[in-house]
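S.K.: Please build the complex by placing chain B on the supplied structure of chain A, with the hints as guidance.
Just so you know, the protein sequences line up as chains A and B, in that order.
Per the working numbering, residue 1 is the first one in the first sequence, and the count goes up by one each step.
Per the working numbering, residue 1001 is the first one in the second sequence, and the count goes up by one each step.
Any given hint could be a false lead.
Among chain A residues calculated to face chain B with C-beta under 10 Å, some are [what the hints assert, rightly or not]:
| id | residue |
| --- | --- |
| 1 | Glu58 |
| 2 | Thr183 |
| 3 | Val391 |
Pair by pair, the computed Cβ-Cβ distance ranges are [as the list claims (entries may be wrong)]:
| id | chain 1 | residue 1 | chain 2 | residue 2 | range |
| --- | --- | --- | --- | --- | --- |
| 4 | A | Arg245 | B | Gln1069 | 38 to 46 Å |
| 5 | A | Gly95 | B | Asp1249 | 31 to 39 Å |
| 6 | B | Lys1221 | A | Pro266 | 51 to 59 Å |
| 7 | B | His1091 | A | Glu214 | 54 to 62 Å |
| 8 | A | Leu374 | B | His1091 | 51 to 59 Å |
| 9 | B | Ala1093 | A | Leu116 | 26 to 34 Å |
| 10 | A | Arg241 | B | Lys1005 | 31 to 39 Å |
| 11 | A | His190 | B | Ala1093 | 12 to 20 Å |
| 12 | A | Leu153 | B | Gly1114 | 41 to 49 Å |
| 13 | A | Thr6 | B | Leu1374 | 46 to 54 Å |
| 14 | B | Leu1374 | A | Leu113 | 56 to 64 Å |
To be clear, the hints were calculated from the coordinates, so they are not data collected in a lab.
Here a beta-carbon is modelled for each residue, glycine too, at the ideal position from N, C-alpha and C.
Residue strings, one per chain:
2 protein chains.
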Amino acid sequence: MSDGKTRVVVVGGGFGGLYAAKALRRAPARVTICDRNNYHLFQPLLYQVATGGLSPGEIAAPIRRVLRQQANTEVLLADVREIDLARREVHHASGHVPYDYLIVATGAGHSYLGHLEWQSVAPGLKTLEDALSIRRRIYIAYEQAEDCGDPVLRRALLDFVVIGGGPTGVELAGAIAEIARRTLRRNFRHIDPAASRIILIEAGPRILPGLAPELAAWATKTLGAMGVEVRTGVPVTDVTRDGVRLVGDYIPARTVIWAAGVEASPLGGDLAAQRDRLGRVQVSSDLSLPDHPEVFVVGDLAHVVAPDGRPLPGVAPVAMQEGRHAARNIARRLAGLPTEPFRYRDRGALATIGRKAAVADIRGVRLVGLTAWLAWLFVHIMYLIGFDNRVAVLWHWAYAYATFERSDRLITGGPGESAGRSG
Amino acid sequence: MSDGKTRVVVVGGGFGGLYAAKALRRAPARVTICDRNNYHLFQPLLYQVATGGLSPGEIAAPIRRVLRQQANTEVLLADVREIDLARREVHHASGHVPYDYLIVATGAGHSYLGHLEWQSVAPGLKTLEDALSIRRRIYIAYEQAEDCGDPVLRRALLDFVVIGGGPTGVELAGAIAEIARRTLRRNFRHIDPAASRIILIEAGPRILPGLAPELAAWATKTLGAMGVEVRTGVPVTDVTRDGVRLVGDYIPARTVIWAAGVEASPLGGDLAAQRDRLGRVQVSSDLSLPDHPEVFVVGDLAHVVAPDGRPLPGVAPVAMQEGRHAARNIARRLAGLPTEPFRYRDRGALATIGRKAAVADIRGVRLVGLTAWLAWLFVHIMYLIGFDNRVAVLWHWAYAYATFERSDRLITGGPGESAGRSG
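Chain A extracted, bound-state conformation:
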């Protein structure tokens, strides 16, 4: 298959990789996009899958379907294990793919701050598998509490701890509070789900550090009114299956969710470049590697500095813009033009807390409550891929708004759950 055309390989089908591939649709090149999953995942709504509000298929789109009309592009389902910069090859489980230009967009995973033993007791939220695992833990805790004769254990089953006060932690804590107070009402006979304690722990001085202090203050107050205890400035010292130890305190809770830290994809280690303490790769201003101008790094794996000197946050808009920019720079190179430096256009930040409650900072305009929530809904529906998904998600949201129900409360995939004898 060598038709003489330049070969561009994109590794990763998240926001960075998918938007890069789309931006290459008119490039005079053969484009291959690899991902270990056959779908692009809309991570901003992953917390809704984790809390039963949406189904996995509704926030994911097959990469092939998205790119099917793009004749110069092929999709490869492959788990990339290694990048060989010298040979210009990408190695996956069953072969390798050569490249002339490479865009690496493999994102980030969880960081347990050196405590890998916490991973099995406090799952993080990055993949659909993570989301279904968290969902299973939340709903099974109530099932076990319903059938539990020991009041101390029942208390620990009813209580939830979310570690990390960024947007994901806030969204999860808010959604769990709504499940406890509203969704599960009248569902049980021996417990009152509304008696659940939901505790959001943040080591830093406040939640939502990426947003203005007054927005964080409003979010803290709103979470409190919804029944979430927000505890800031308290570092976690240990996490076990029975609970969470803090400096000077211990919270017995059987369900602990980790939203406290990320670490860039280990593929960054193959890129012969400096990395920051989160493992992100230091790139040149045009997003290429300093010693390999044919390799670009975008999204959560890239360490890109904003004009104020701070690294850009690991959010979808940054990844999309970087992906598009790397694609454009490759197209410029192919046209014999010099690359251009990347500049992030910050259109604002949003975080949702619950029903009719969100905070938004849109180019300095700060919104809270219903207006911010509507802005949040609009932006998320707009960027969700697939008309089919958009309508389904809007329907589930409208139904949930009217009834407090969550459309997909299935407990699936537990250890040994499907090996039983009863049917």
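M.R.: Frame of chain A, contents of chain B only:
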């Protein structure tokens, strides 16, 4: 928790168990329904989850939610392992539940006709896990074919065998043909999905043995026009991961689906009653056990004979009516009245083949094509539980009708799929 009230335990939350529990809502008894899953599964649409047309959450409803207003009923998430008729106890993984009356509705699993080694290569379709596993196999076969340099292996990856010509086998074969011919169009660069062979194998003389011969003939013709090869009268002699061996023939195919036989739940072995060759329990005319009038068996686990002497088929309407009848007989006993014999009201049978194509036999009126297909749609939406699910399913069907897309093509849960390194 002994308030002196009679305790009725229902084991199994399928059609039989759930409709029994619902029918007990006004009974002067404490009702407990146990299932190893937290949801009721609408099995007639399971093939659509297996082929990517619907998401798991759309054909399942939490049992707690369905029964939340029923004050005399509690739901227990429990994998029942044993029934102790002498002590009148149901034993599950973490305890036991005593009963005064018991309804056993644990259904059926697959039967591999003594060839358990076929199970891992040719999965059957009974649970959501089965459906996701079949979906993964179908879509991953195309992914592997796209990246396969060996023409013989590629051929085997593109070909599909469905074993068993009952309604499930027909539905699966028809849906796979639509995926190959329409859904995946333009999605690949190195293969043509429309070149897939889909072979439906039936050991008996014709497909759809439960329906009239002319309906089966129409279905065979329609399947042929859709690109499904129907082969009847050919018993399978071996199934391996490379293909299917028949008497006098061998079909290389990497994706084989088993829809050829069922076997009643092994819990039937605890019921001290005669069982037929499929493991179904012979019950008295009132659906109770001959030696244990306090124990009722309903649904696919029960062997109930129709007036024509043939056992009733393992379909949803039979299970629903039996469940309701057992509940009514318990209520009669509680009121000091004698039980009544069960009589099945046969409202007809339906099987769908594809777009605008189904066959129906409604009280002797035989329909084929669009009319039967609309009847099929109507009945399935009507019995699907949850307004939320009904709207979502109707939407996905309308969208699929207009575009040939399938809303949930995610490949999930494969062996080692989520353990990679790329992000």
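S.K.: Each of the hints needs a verdict: does it hold here or not?
M.R.: Here is what the structure says about each hint:
no. : hint                               : result
1   : Glu58                              : 7 Å, holds
2   : Thr183                             : 9 Å, holds
3   : Val391                             : 6 Å, holds
4   : A:Arg245 <-> B:Gln1069: 38 to 46 Å : 42 Å, holds
5   : A:Gly95 <-> B:Asp1249: 31 to 39 Å  : 33 Å, holds
6   : B:Lys1221 <-> A:Pro266: 51 to 59 Å : 56 Å, holds
7   : B:His1091 <-> A:Glu214: 54 to 62 Å : 58 Å, holds
8   : A:Leu374 <-> B:His1091: 51 to 59 Å : 53 Å, holds
9   : B:Ala1093 <-> A:Leu116: 26 to 34 Å : 30 Å, holds
10  : A:Arg241 <-> B:Lys1005: 31 to 39 Å : 37 Å, holds
11  : A:His190 <-> B:Ala1093: 12 to 20 Å : 18 Å, holds
12  : A:Leu153 <-> B:Gly1114: 41 to 49 Å : 45 Å, holds
13  : A:Thr6 <-> B:Leu1374: 46 to 54 Å   : 53 Å, holds
14  : B:Leu1374 <-> A:Leu113: 56 to 64 Å : 59 Å, holds
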